[in-house]
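K.L.:
Sequence:
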Amino acid sequence: MTYTIGQSAFAHFFTADTTTAPLWFIVRLYVGYASLMAGWSKIIHPAWFGSDAGASLQGFINGAVAKSVCASTVAASACHPSVQTWYASFLQNAVFSNAMVWSNAIAIGEFAIGFGLIVGLFTGAAAFFDFFMLLNFLLAGTVGSNPVMLVLALCIFAARRVAGYWGLDRYAMPYLRHTFRKRTL
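Our numbering applies: residue 1 is where the sequence shown begins, and numbers increase by one.
Incorrect hints may appear among the rest.
Unchecked claim - Label-pair restraints from in silico Cβ distances:
1) A16 - R181: 18 to 24 Å
2) D52 - W86: 28 to 34 Å
3) V151 - P22: 18 to 24 Å
4) A125 - A9: 24 to 30 Å
In case anyone wonders, no lab produced these hints; they're calculated from the structure.
Because the structure is a prediction, the values reported are computed rather than measured.
Just so it is clear, CB atoms sit at the ideal spot from N, CA and C, and this is done for glycine as well.
Let's have the full structure, built from the sequences with the hints guiding it.
P.N.:
Here's what the structure looks like:
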């Protein structure tokens with residue numbers, strides 16, 4: 001017995017109808033440009049990428065760890081740190097000791113995500129990794145434009161079938177589906 005779960009007309013319109021491609025193109029360009037420029041600014045900065053790679057990230061981690069504890073003047077019942085202790089522990093134990101590797105990965109990752117979103121190539125993967133990276137930034141206590149970008153990246157991921165329609169995905173995805181389809185003997 002097979003069950004089919006229907007999709008609302010509203011959800012279908014925004015995630016599968018190619019008439020919304022211009023909307024997703026604009027959203028993709030906005031999020032992609034923000035990510036590309038964030039990655040580029042890290043790539044050209046020696047404290048993120050290059051001779052002194054990891055220095056900025058270590059400062060960022062120290063700030064996040066400081067946000068994971070409450071001041072001694074705050075009552076225990078009123079203590080609500082902006083960084084969870086489990087995430088601060090992860091940053092201290094896994095990221096801090098390998099700050100150079102993580103710093104380079106973040107810089108290149110942000111740049112690659114931005115490039116992918118701008119040209120519309122592997123849009124779903126780029127949006128997923130952008131969401132994941134922004135989620136980690138939020139868990140580390142940074143706010144700024146990250147919540148808005150996180151929601152937009154999630155929306156692009158949900159609409160990945162049509163979000164890359166005005167981009168290289170329109171040509172690359174059918175080719176890849178045809179090339180890697182299941183072959184029978």
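K.L.:
All hints, please: hold or fail.
P.N.:
The hints, checked one at a time:
1. A beta carbon spacing of about 21 Å between A16 and R181 agrees with the range 18 to 24 Å that was offered as a hint.
2. Distance hint for D52 and W86: a CB-CB separation of about 29 Å, consistent with the stated range 28 to 34 Å.
3. Taken as a hint, the range 18 to 24 Å holds for the pair V151 and P22, whose Cβ atoms sit roughly 20 Å apart.
4. Range check, A125 to A9: about 28 Å between beta-carbon atoms, so the 24 to 30 Å window is met.
When held up to the earlier numbered hints, the structure conflicts with none and fits them all.
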